[in-house]
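If you read the sequences in order, they're chains R and Z.
My numbering puts the first sequence at residues 28 to 259.
My numbering puts the second sequence at residues 175 to 933.
The set of hints was computed from the structure by calculation and includes no laboratory data.
Any given hint could turn out to be false.
With a Cα cut of at most 20 Å, we get these calculated EDC-like pairs of lysine to aspartate or glutamate [unchecked claim]:
hint, chain 1, residue 1, chain 2, residue 2
1, Z, 591, Z, 898
2, Z, 237, Z, 700
3, Z, 621, R, 50
4, Z, 591, R, 141
5, R, 62, R, 97
6, Z, 564, Z, 834
7, Z, 621, Z, 509
8, Z, 830, Z, 918
9, Z, 363, Z, 433
10, Z, 507, R, 141
11, Z, 591, Z, 308
12, Z, 621, R, 55
13, Z, 365, Z, 253
14, Z, 368, Z, 308
15, Z, 507, R, 50
16, Z, 507, Z, 612
17, Z, 363, Z, 308
18, Z, 865, Z, 782
19, Z, 494, Z, 574
Here's the letter readout for the chains.
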Amino acid sequence: MKFGIVILPGSNCDHDAMHVTKDVLGAEAEFLWHKDTDLKGSDCVILPGGFAYGDYLRAGALAKFAPIMEPIRRHAAGGGLVLGICNGFQVLTEVGLLPGALMRNQHLRFLSRDVLLRTEETNTAFTSEMQKGQIMRVPIAHGEGNYFADDATLDDLERNRQVIFRYCDEEGRLTSEANPNGSARNIAGICNRERNVLGLMPHPERCSENILGNSDGLVLFKSIAASFATAR
Amino acid sequence: MQEPAVTPTLVQSHGINESEYKLIEQILGRAPNYTELGIFSVMWSEHCSYKSSRIHLKTFPTKGPIVVQGPGENAGVIDIGDGWVAAFKMESHNHPSYIEPYQGAATGVGGILRDIFTMGARPIACMDSLRFGELDAPRMKYLVDGVVRGIGGYGNCMGIPTVGGETSFHRGYNGNILVNAFALGVTRKEKIFKGTASGVGNPVIYVGSKTGRDGIHGATMASAEFDEASEEKRPTVQVGDPFTEKLLLEACLEIMDTDAVVGIQDMGAAGLTSSSFEMAGRAGTGIRMHLDRVPMRESGMTPYEIMLSESQERMLIVAKRGREEDVVRIFSKWDLNAAVIGEVTDDGFVRLFWHGDEIAKIPVEPISTEAPVYNRPMQRPAYADRIALKLERDRVADAEMTASLLRLVASPNLCSKHWIWEQYDTTVRTNTIAAPEDRDAAIVRVKGTGRALAMTSDVNPVYCYLDPYEGGKQAVAEAARNIAASGGRPAAITDCLNFGSPERPEIMWQFAECIRGISDACMALDTPVVSGNVSFYNETEGKAIYPTPTVGMVGILEDEHHGAPLAFTDEKLDIILLGATFDELGGSEWQQQNMPDALAAPPLVDLERERKLISLLLALHENHLLRSAHDLSNGGLAVALAECSMDGIGCHVDLKGHADDLDAIALLYSESQARAVVTSNSPDDVLQRAKDAGVPAIRIGHTGAGVFLIERNGVPLVRTTTPELSRIWRSSFSLLLGGDTIDDVIRGVGEEAPEVLAH
Numbered sequence: 028m029k030f031g032i033v034i035l036p037g038s039n040c041d042h043d044a045m046h047v048t049k050d051v052l053g054a055e056a057e058f059l060w061h062k063d064t065d066l067k068g069s070d071c072v073i074l075p076g077g078f079a080y081g082d083y084l085r086a087g088a089l090a091k092f093a094p095i096m097e098p099i100r101r102h103a104a105g106g107g108l109v110l111g112i113c114n115g116f117q118v119l120t121e122v123g124l125l126p127g128a129l130m131r132n133q134h135l136r137f138l139s140r141d142v143l144l145r146t147e148e149t150n151t152a153f154t155s156e157m158q159k160g161q162i163m164r165v166p167i168a169h170g171e172g173n174y175f176a177d178d179a180t181l182d183d184l185e186r187n188r189q190v191i192f193r194y195c196d197e198e199g200r201l202t203s204e205a206n207p208n209g210s211a212r213n214i215a216g217i218c219n220r221e222r223n224v225l226g227l228m229p230h231p232e233r234c235s236e237n238i239l240g241n242s243d244g245l246v247l248f249k250s251i252a253a254s255f256a257t258a259r
Numbered sequence: 175m176q177e178p179a180v181t182p183t184l185v186q187s188h189g190i191n192e193s194e195y196k197l198i199e200q201i202l203g204r205a206p207n208y209t210e211l212g213i214f215s216v217m218w219s220e221h222c223s224y225k226s227s228r229i230h231l232k233t234f235p236t237k238g239p240i241v242v243q244g245p246g247e248n249a250g251v252i253d254i255g256d257g258w259v260a261a262f263k264m265e266s267h268n269h270p271s272y273i274e275p276y277q278g279a280a281t282g283v284g285g286i287l288r289d290i291f292t293m294g295a296r297p298i299a300c301m302d303s304l305r306f307g308e309l310d311a312p313r314m315k316y317l318v319d320g321v322v323r324g325i326g327g328y329g330n331c332m333g334i335p336t337v338g339g340e341t342s343f344h345r346g347y348n349g350n351i352l353v354n355a356f357a358l359g360v361t362r363k364e365k366i367f368k369g370t371a372s373g374v375g376n377p378v379i380y381v382g383s384k385t386g387r388d389g390i391h392g393a394t395m396a397s398a399e400f401d402e403a404s405e406e407k408r409p410t411v412q413v414g415d416p417f418t419e420k421l422l423l424e425a426c427l428e429i430m431d432t433d434a435v436v437g438i439q440d441m442g443a444a445g446l447t448s449s450s451f452e453m454a455g456r457a458g459t460g461i462r463m464h465l466d467r468v469p470m471r472e473s474g475m476t477p478y479e480i481m482l483s484e485s486q487e488r489m490l491i492v493a494k495r496g497r498e499e500d501v502v503r504i505f506s507k508w509d510l511n512a513a514v515i516g517e518v519t520d521d522g523f524v525r526l527f528w529h530g531d532e533i534a535k536i537p538v539e540p541i542s543t544e545a546p547v548y549n550r551p552m553q554r555p556a557y558a559d560r561i562a563l564k565l566e567r568d569r570v571a572d573a574e575m576t577a578s579l580l581r582l583v584a585s586p587n588l589c590s591k592h593w594i595w596e597q598y599d600t601t602v603r604t605n606t607i608a609a610p611e612d613r614d615a616a617i618v619r620v621k622g623t624g625r626a627l628a629m630t631s632d633v634n635p636v637y638c639y640l641d642p643y644e645g646g647k648q649a650v651a652e653a654a655r656n657i658a659a660s661g662g663r664p665a666a667i668t669d670c671l672n673f674g675s676p677e678r679p680e681i682m683w684q685f686a687e688c689i690r691g692i693s694d695a696c697m698a699l700d701t702p703v704v705s706g707n708v709s710f711y712n713e714t715e716g717k718a719i720y721p722t723p724t725v726g727m728v729g730i731l732e733d734e735h736h737g738a739p740l741a742f743t744d745e746k747l748d749i750i751l752l753g754a755t756f757d758e759l760g761g762s763e764w765q766q767q768n769m770p771d772a773l774a775a776p777p778l779v780d781l782e783r784e785r786k787l788i789s790l791l792l793a794l795h796e797n798h799l800l801r802s803a804h805d806l807s808n809g810g811l812a813v814a815l816a817e818c819s820m821d822g823i824g825c826h827v828d829l830k831g832h833a834d835d836l837d838a839i840a841l842l843y844s845e846s847q848a849r850a851v852v853t854s855n856s857p858d859d860v861l862q863r864a865k866d867a868g869v870p871a872i873r874i875g876h877t878g879a880g881v882f883l884i885e886r887n888g889v890p891l892v893r894t895t896t897p898e899l900s901r902i903w904r905s906s907f908s909l910l911l912g913g914d915t916i917d918d919v920i921r922g923v924g925e926e927a928p929e930v931l932a933h
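The following block holds chain Z by itself, in its conformation from the complex (with noise of 0.2 Å):
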């Protein structure tokens, strides 16, 4: 067998620099091979390592009386009663789903959900954050298209409900989309287990599917930018087997339910590198393996595609010594691979053997302990001095106000996204409360504890490029009130931090203002980080995707009956607008739509009103005071109101006495935090509590069937009805995706998305 030379340009090719290799040099004492010099670029590199983002990391709050696990396993951990505990975590996979969707979103997928069950948790379901460009932008129709079948293809096949999730569209991602997958599985305290590789001598165990040539240097593609060569690192992306996972799953959990494994990792990114040296890692030891051992889909595989392959569907389990033939047996009851393909040793190294020679030796602390970690320096952009506090904005007549509000309803980002979650089973597993688009949040049952769980995904990306500090605090303090107004209490959050080149310092600044911003959110709201993941690199031909902190946030329902839909449930029910509203319409949808070009500063976000009005929410929640709750967020007060109008009850309101001093384009489209719009058959009770709770509150109108009137002071600012709202908004994706215009959508012409989009 006839490696190639370590040479400069070898290691250049790895995405090693000189500074780097030269501490490898220090590390083994002498210089690398080329297996070794393969393993340590998968494992410094950005995807793994976390080099430039470790730092910041570090200032998450991320312990709190529930947190079982914190970052730094698998997934993280939290206790939801009864001895019950919730595994989640969410991860991106933009690199793969730009140059190929739907494998790249389909192995996303498969990916988080190894994490979690790798955990000992039986995943329960699932979320999607996709970040899309311009529907008319080069490949996106395509794009869109393929990674929602790609997520359709995995989940569904898994029998995991997507039950939740979020997609919008900016030209920001016209180079560059995101897919960030999220799972979560339920178990017992003590079922948790851990990627640990204890005991000296017990057998390092390969389950799964057999290894192949596919997704080498997956990780390290994911730490570079995209140019125009992108496309030859197709046969980066690795493929999916849905239906092996799913039998991989029972196999895991059912050797799990014996008590013959010790430890138990996925082979994520990195592949047998990365599991091997973490599980050696976290438990102080050394592994021994014999690479010809492993299972292989093609003959004349080296040692070196054998430790980078990121072929899915595959584990590593250490077992307890003399237990091999129950991890055997089990796993071939399920027809898959399983074969001791090694031992832990003492010896505190990574030792790798070919038919007999040993080929590869590295010490397992040094290259974590000893990896690169760089303060990358930070500069606040230029266009930041060009923000302006307020937009400026000419006068738009009251008349208009009809059409803005029904283009805002038609726009991508906020039309019904059906057409997408459709294409999700949400409904397997027999758990789903509250589908997508029924509530602020999904709710899933926990069978048998009368609990249930509450989950979001949110992020402003708009915001965070703007004033990326209040953008990191509104994430968090977003996906807290979509879980209260579902019912739920605020628990935790996992993250996935989508950035640019961490190499440019405006970048960098960006980076650490979100940072700053979730931390301080997190804090106030009592959500610990409990998990996470850094995406760098989000860029094509020098151009950064928007800064984009995606947060996933879980909460508890303690009574699975808590809660209440978004959409207005009955007529002739007073509606309550909670919160204030201020003239902050910089990064708004009405921005975004009438004066794309603009730079204003998105909302404050003030974390002591967002407290108070979380805390509101669950009281009267609690109090079964609520037969509607809705969040506002993107599109304001008009939105808000056109989105609880859906189901054909709709309202007639009157704003008359809620910030009179603000101009009719603020007033209905302004994006301020805190607030939430409510209905009640208790109006006077909600209107008290509120009053006692420090949340300003303001009965503004009914609900009735079929109308929907927004007024101030009796002039008629938006009039139209129900069923031409819910018209325009269900259809709109659809036809938006077949090519229309907004405006053919509002005018009822067109033609719905084919059923094939093509390249």
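Only chain R is shown next, with the shape it has when bound in the complex (with noise of 0.2 Å):
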């Protein structure tokens, strides 16, 4: 299987994205350019972290007009599998792949700490690996993570089991000293109704290797490539 990493003019989190892929797992992965309209056969299209456009408008805004993004559209209409982690996270909600907005955080500060995550949903080609429920510590670094939706959209969310990890305390309870951000019902991560685009806040790739000091992260990457090894 083959990774493609979209560069958008402020991405920061590109390079991390290709050491854990290429580097720490192994796979095949490849940038891809802004301005190209060429996913290079990509399995798996990552939307890293950053400030794409300096963020300027409102977080992501700007990114849903890039060319790049109508490949990505097609691609993720037809099945393929589309990663957003923070910046790609709220790049995914402007363009309309994902519900719901990321809006600042309720505390208008930036914030950068590890926090721990619930998996709710293993059903997905991110989260195959994991265990419902299992417990990972993860970083996170942003200004606008807090999740809102309305009630409606929430309870859909729900309902679909599109809500695929929250935030946590140590015994894996969603309390609000937990909640980094402030997101609607601890919200850390979300999938679309046919769970092939995952966006979240927190940095797997961060946490992926014993030298950092955390390796939690990786069993999403490894998910991924599990997904590709089961369907051929």
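Combine the two chains into a complex, taking the hints into account.
Written out as structure tokens, the structure reads:
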């Protein structure tokens, strides 16, 4: 399988996504330039973290006009995998591939720290190798990660089991203290109804190696690779 | 175009004195015009010319086997092994940050990052050394908030982790805060670029943001004291755009990967003026520039404004002739301006043209070689005679010790600064092995090498005030200790020398003494000075800051797995105290909190002891004998033990046999140097190696979950718990920002800082 990592102007986790997929996971991976319209045969497109277009106007708001977005939309519509991390999640909501929006953190400050995530669903290509209820320690680093959607949309997400990760405490409880940014219902990551597009605010690529003191995130990338191994 | 006539009043308002003006006339062989006067004023400003500091800076040791590039370039460069090099530098942005904290701090980060990538190195880490006044001083909470947001706003967007630094508070900075930004980048040795304009006929290309009217005379502002009118200088503070700089970074590294670039330099202080003169100066050439071809943000700008603008995110490139198209192509790929504005000449002049007319002509060499150099008078200040050799104090009952420790742990200088560094992205680029407060120094791996780099910034301004020579030594010694305790071999330093007005003999004396101390320590510890920056005139209404020679040190971990955390990791490990304790409370945190007006000598720095301790720590790490290691610094032994206990594993120690002749205050809070506290599962091995190395060492107790007990001969001095210590240490800063007192923090009442701290 092959990962395609999108470089938007202002992407700054593009190298990190390349490192984890190519060097750590050992998969094939290639950069995709925002002005191009070719996904170069990517099976899984990653929209990495960063400040696309400087987050000017609104995080992710300008990225939806990038030429690369059209083939990404088609890729997603055809069932191809799309993973948005942090700014990539913000872009996916702006593009309309995922519902809801990411607002400024409730405390109005940028926040960079480890959080605990509870895996809510394992029936996606991104989480197939995880255990339901598994707790992972993963860093966040964002100023606009406060997930918002109206109640009807949130209920819809829950009913369709589209909430994939939630912020939790060490016992897996969904407390407000464990919620770092005020996200509705402690939501940290969601997928689309077809389950092939995932967006999450935390950075699994930053905790995928023992030398960094934490490899909890690697299972997400392993899941993606495994889903292709079983598909073949 | 009507330019102002050059009158004595105009000359004076440019900060140029009579003799300097005569020198200008001599160099030009005529009177300067308005644009030329502006150029001389910024080139000869203290900030750009180092006219008061130069003769002292020459005494720094700058050579060594690992030094690839010493002072004089945009950043220093050291060899880190296997063909890799690290470029690093620290720079001040004090004046702008006091006037407009967000933009001042943000553009400080932007400027230091450009210094790194202009060398061809990709920045991989930042640190910030911040000095604020007392938290309840006017505007101070607003300044803290603005500076922290500004640093985060720029570094986070650039995607470069801020992995370390330091923040302290003292009344000496109430009217003049310090923001010192450090950045480090890595590249291959053969990929280093320099700021040189060689090759007659080569095109001079302007790249990056358009030029606006912001920051005109920023360098001159940084070369004068503050007064009531400083608020009016707000327009001289530049406005940063980290998004554009991120594009500039990628475009520069991409063009550097071709062979089209001859030289490159960022436009920092004094903008197009300093970049063009310095590039031609290094190559011994000249430059001809057509200023009307400079991309401009607004119409009606004059040559004077274009030459003096400090608009951010701009670079000057000298390319190979015929490769202009490659430069333009790559910069337009990244949606940036690139304009050929001139060429390299062999006449030794910078000649400026405006719509075809020559409007300025200044010889390159004399503007630097004949620049004024001052050997300013020095005098030992009167207060130096009032400093006691030892801190005289009343006896303090043993029962008071727990309360005094809790108060220190809650103090703004010693409490956790996570409120600050959690606003910085610390993990982007996936290299961060030790983030802030994990170890004594930050550790960042260099991918693909198996190695890692350690970095720290240190200085104790109170020590430097009390004894600038010892203080200068101490800054280097502590930095080296921090690096070694974290697992790295101290390699080299950059410095950022922040002082008051050099025109005052007492300040000049402090400056010279600090430099002498830094030089001696760098020599003894084999850590040459490879880059640096001087910031004078840090005074407001005649009151100077404390002398603050910030040292940024880089160390090398041959194996990225070396080193240990500072916190105790496991129960039932033996705790060993390395080094000796003396009655040295002058300038200590305990003295500042309990006897703030006392004047007593700071700890003496014995460089031989430091060297031995550093070698021992490195040997212990290399043999994987340590489970934790933490150097003793601010707050002394008791605070160090508390810091080791913040993750829940505490300690039960009895100090019998260590410094038995000292009273409890000195035993617990003396800040004697060359000490560290370590834990090990092979304590006998550690003690034996310490003995062989000539480092005093004693087993003082063991670790334990939840417990924090310090005894002497079985008599408890400090008794508390790790949850209590940790609660106070972690919650204090936000509570103090919210307006609580230290007593409120300890009692557990009060409110955290609001979301936005108002002006």
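Just to be careful, I want the Cα atoms of residue 507 of chain Z and residue 612 of chain Z compared with a cutoff of 20 Å; is the pair within it? At roughly 40 Å apart (the allowed maximum being 20 Å), residue 612 of chain Z and residue 507 of chain Z break the hint.
Could you grab the alpha-carbon distance between residue 365 of chain Z and residue 253 of chain Z and see if it respects the 20 Å cut-off? Holds. Residue 365 of chain Z to residue 253 of chain Z sits at ~13 Å (cutoff 20 Å).
Within a Cα-Cα threshold of 20 Å, do residue 368 of chain Z and residue 308 of chain Z meet the stated pairing? violated (42 Å)
Pairwise hint evaluation, residue 898 of chain Z against residue 591 of chain Z, where the allowed Cα distance is 20 Å at most: holds (17 Å)
Is the hinted pair residue 830 of chain Z and residue 918 of chain Z satisfied, with a Cα-Cα distance of at most 20 Å? violated (34 Å)
Please work out if residue 363 of chain Z and residue 308 of chain Z have their alpha carbons no farther apart than 20 Å. violated (45 Å)
Under the criterion that the straight-line Cα-Cα distance not exceed 20 Å, is the pair residue 621 of chain Z, residue 55 of chain R satisfied? holds (19 Å)
Within a Cα-Cα threshold of 20 Å, do residue 237 of chain Z and residue 700 of chain Z meet the stated pairing? holds (10 Å)
Taking 20 Å as the top limit, are the C-alpha atoms of residue 494 of chain Z and residue 574 of chain Z close enough? Measuring from Cα to Cα gives roughly 72 Å; hence the hint is violated.
Does residue 308 of chain Z lie within 20 Å of residue 591 of chain Z when you go C-alpha to C-alpha? holds (15 Å)
Straight-line Cα separation of residue 507 of chain Z and residue 141 of chain R no greater than 20 Å? violated (36 Å)
Assess, step by step, whether the Cα of residue 621 of chain Z is no farther than 20 Å from the Cα of residue 50 of chain R, and give holds or violated. The hint holds at about 10 Å.
The structure shown violates the earlier hints numbered 7, 8, 10, 14, 15, 16, 17, 19.
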